[in-house]
Amino acid sequence: MSTKNIFPRALEAEAIYILREVAAQFERPALLFSGGKDSITLVHLARKAFYPAPIPFPLLHVDTGHNFPETIAFRDQLVAATGARLIVRYVQDSINQGKAKEETGKFASRNLLQTVTLLDSIDEFKFDACIGGARRDEEKARAKERIFSVRDDFGGWDSKKQRPELFDMLNGRIHVGENVRVFPISNWTELDVWNYIREEQLDLPTLYFSHERAIIERDGFYWPHSTFLQTSPDEVPFEATVRFRTVGDMTCTAAVMSHADNVDDIISEILAATISERGARMDDKRSEAAMEKRKQVGYF
Amino acid sequence: MEVLRIATAGSVDDGKSTLIGRLLYDTRSIADDRLEAIDSASKRKGLGFTDLSLLTDGLIAEREQGITIDVAHIYFSTPTRKYIIADTPGHVEYTRNMITGASNASVSIVLIDARNGVVEQTRRHLYIASLLRMQDVVVCVNKMDLVGFNEVIFNEICQQIRDIAGPLQMDHSTFHFIPVAAKDGDNVVKRSEKMPWYQGTALLELLETLQPHSGKSELPLRFPVQYVIRPHQDAFHDFRGYAGKLSSGRIVTGDRVIALPSLRMGTISAIYSGDQLVPEAETGDSITLTLKEDIDISRGNMLVKESELFHQVSSLTAKIAWMDEQEMQEGRAFLLQHGAQLVKVRIQAVKEVLDIHTFEQAADKKTFRLNDIGTIQLKAARPLFLDCYRTNPANGAFILIDEFSNNTVAVGFVDSF
Chain A
1 MSTKNIFPRA LEAEAIYILR EVAAQFERPA LLFSGGKDSI TLVHLARKAF
51 YPAPIPFPLL HVDTGHNFPE TIAFRDQLVA ATGARLIVRY VQDSINQGKA
101 KEETGKFASR NLLQTVTLLD SIDEFKFDAC IGGARRDEEK ARAKERIFSV
151 RDDFGGWDSK KQRPELFDML NGRIHVGENV RVFPISNWTE LDVWNYIREE
201 QLDLPTLYFS HERAIIERDG FYWPHSTFLQ TSPDEVPFEA TVRFRTVGDM
251 TCTAAVMSHA DNVDDIISEI LAATISERGA RMDDKRSEAA MEKRKQVGYF
Chain B
1001 MEVLRIATAG SVDDGKSTLI GRLLYDTRSI ADDRLEAIDS ASKRKGLGFT
1051 DLSLLTDGLI AEREQGITID VAHIYFSTPT RKYIIADTPG HVEYTRNMIT
1101 GASNASVSIV LIDARNGVVE QTRRHLYIAS LLRMQDVVVC VNKMDLVGFN
1151 EVIFNEICQQ IRDIAGPLQM DHSTFHFIPV AAKDGDNVVK RSEKMPWYQG
1201 TALLELLETL QPHSGKSELP LRFPVQYVIR PHQDAFHDFR GYAGKLSSGR
1251 IVTGDRVIAL PSLRMGTISA IYSGDQLVPE AETGDSITLT LKEDIDISRG
1301 NMLVKESELF HQVSSLTAKI AWMDEQEMQE GRAFLLQHGA QLVKVRIQAV
1351 KEVLDIHTFE QAADKKTFRL NDIGTIQLKA ARPLFLDCYR TNPANGAFIL
1401 IDEFSNNTVA VGFVDSF
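Protein chains in written order, with the working numbering: chain A, 1 to 300; chain B, 1001 to 1417.
Derived from the structure by calculation, the hints contain no laboratory data.
Small disclaimer: the values here were computed from a predicted structure and weren't measured.
One or more of the hints may lead you astray.
What the hints assert, rightly or not - With a Cα cut of at most 27 Å, we get these calculated BS3-like pairs of lysine-lysine:
| id | chain 1 | residue 1 | chain 2 | residue 2 |
| --- | --- | --- | --- | --- |
| 1 | B | K1319 | B | K1344 |
| 2 | B | K1351 | B | K1365 |
| 3 | B | K1379 | A | K48 |
| 4 | B | K1216 | A | K48 |
| 5 | B | K1305 | A | K48 |
| 6 | B | K1305 | B | K1365 |
| 7 | B | K1379 | B | K1344 |
| 8 | A | K160 | B | K1379 |
| 9 | B | K1366 | B | K1351 |
| 10 | B | K1319 | A | K161 |
| 11 | A | K161 | A | K48 |
| 12 | B | K1292 | B | K1305 |
| 13 | A | K160 | B | K1045 |
| 14 | A | K161 | B | K1344 |
| 15 | B | K1351 | B | K1379 |
To be verified - Output of the computed footprint for chain B on chain A, the stretches with three or more beta carbons under 8 Å from beta carbons of chain B:
| id | segment |
| --- | --- |
| 16 | 76-90 |
| 17 | 170-182 |
| 18 | 189-198 |
We put the beta carbon where it would ideally sit given N, CA and C, even for glycine.
Just chain A, with the same shape it has in the complex:
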């Protein structure tokens, strides 16, 4: 695994081309930053795309309040190191304003609620393009997503009204009130992202690497024990060596047992894995069409 140049460089050229189209075609773009490896990759690509100028758009973080503390610490470090402009909006504020209602019960999560805060932020700053790190290989509804994905006044996605995207020509023309979600790493797979992280020597939150953590077992998955997770009496937390393959909220991201504490080991682990990346995301498992339904109402 020590050979360089495994990562297909054509994917980087494509992503940079897309980011430059966004800067050229839109007046008020923003990069949706979650603190996960995909959005960290996007920030790196944006720095390359506009070098030596600073990134010409802000990062927008929709903070659910259920983030891992490691994610927030990493975010603040990255912003300090890159000089990027960061905007944070809080799901808690949407709840306090009565615009969103907290879910209850064992599977309660703020995953759906963040759409409310996202749409409000788009409205507040009049963002006309939001760049996201979603990839087509993640999930079957995302496999049908365009690179420039037009959303209506309500942030909704209509799979039947998607514009054809021919060659590399991206049509970003929209009506007032509409906005576009942009996915520069659409054609990357999980492995591509990791190979890129290795070859570009990108820093990541410590969550991605194996560490000791208190977890509980539920439905065959290992959940991080936290004050946000509602547990039943028979769910007793225990210490284990784990890492996270994907980083979402503490309430919907399951850990995997792993001793991979560096990027090379993680890549070997992914190559041998038999469960897909989002296989440990409870938000996708609510129904067969969970992702498509969320996208229809404004999720990215």
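Following the hints, position chain B against chain A.
Frame of chain A, contents of chain B only:
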């Protein structure tokens, strides 16, 4: 690592999903939980087998109707290559999706059911491959197991394909013919022992050898300026960089270039790839250039080489494929997008519209409806910096945008100017 982009088209019946499923399965590109999810979904539908089409038919409407509607993107890789498959529906009403999927591919896989031979859909797939001047066309004659692995049947189908390709003038494409039984994986990833008469390679072996970018760097330089980078920082006070992706050709520091449309000349002083200085760049690279001279250049301009032929075109003839629900008649105005150029154009004349079933000229038709393909003449408000699609595909295609709906309504391939 190289990326190979493939387009496949066809219906569920001809075994396309099974073939793609095989490629994923045999290259270990599909995770257990996804297979299990498809398996249980198949059972819920009352099927006695794992329906691999559920892997790609991701939308609710597609699963309801049991058909592929939209382009799905599927990824797999081998130790040496990454593959992107644009999987598209084969039916006539989704012709626009087939063209969309094929536009980013250099290889087209045409699937044929050995029992049925060439059918109407096959002709359409070949026509689209010819329209897009696909570099490689791989004809997979599938379900060979159901015709007793018969060599004569395979050869007959190959001949039928050659007979169709002849009149389509597809000399630009290399044809490959492979007898396949996707269900059991014969000649998909590994060569089959059941067809000793077949001397060629298995499908994946063939894909591993195809060269997607051959010859593109030898074409003339076409560098559409996408974005101008002006840092306004002390360290880069006078920096003015022209960012873009090389459509064709190559560029070396010190090259003399001409800016279109101003025709001002300049010398490349630096080439940046990200934050790295590089001595040269090739077709497909996203780079930032700086010039020695202070020339006014903005988005939509193009850099070409002094020593090479280039064009500024105000009226042209093009083949178009119409992709909108609303029909189109002579005289309409649109926005034409080509590279970073966005120019108002008017359709001066509709020269011909093809019959979508026969691909012959429909004599009396002057209106484009959804999925229609034909030839138009158009006039542009400002000069366009393009080539004929035939000589330089990367710089010879455009899209038309409806100014009112903002929709992408057509794709065009420049024929002549």
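Hints, one by one, checked against the model:
no., hint, verdict
1, B/K1319 with B/K1344, "18 Å, holds"
2, B/K1351 with B/K1365, "9 Å, holds"
3, B/K1379 with A/K48, "38 Å, violated"
4, B/K1216 with A/K48, "25 Å, holds"
5, B/K1305 with A/K48, "26 Å, holds"
6, B/K1305 with B/K1365, "42 Å, violated"
7, B/K1379 with B/K1344, "9 Å, holds"
8, A/K160 with B/K1379, "32 Å, violated"
9, B/K1366 with B/K1351, "8 Å, holds"
10, B/K1319 with A/K161, "24 Å, holds"
11, A/K161 with A/K48, "33 Å, violated"
12, B/K1292 with B/K1305, "15 Å, holds"
13, A/K160 with B/K1045, "24 Å, holds"
14, A/K161 with B/K1344, "24 Å, holds"
15, B/K1351 with B/K1379, "14 Å, holds"
16, 76-90, "violated (count 0)"
17, 170-182, "holds (count 4)"
18, 189-198, "holds (count 3)"
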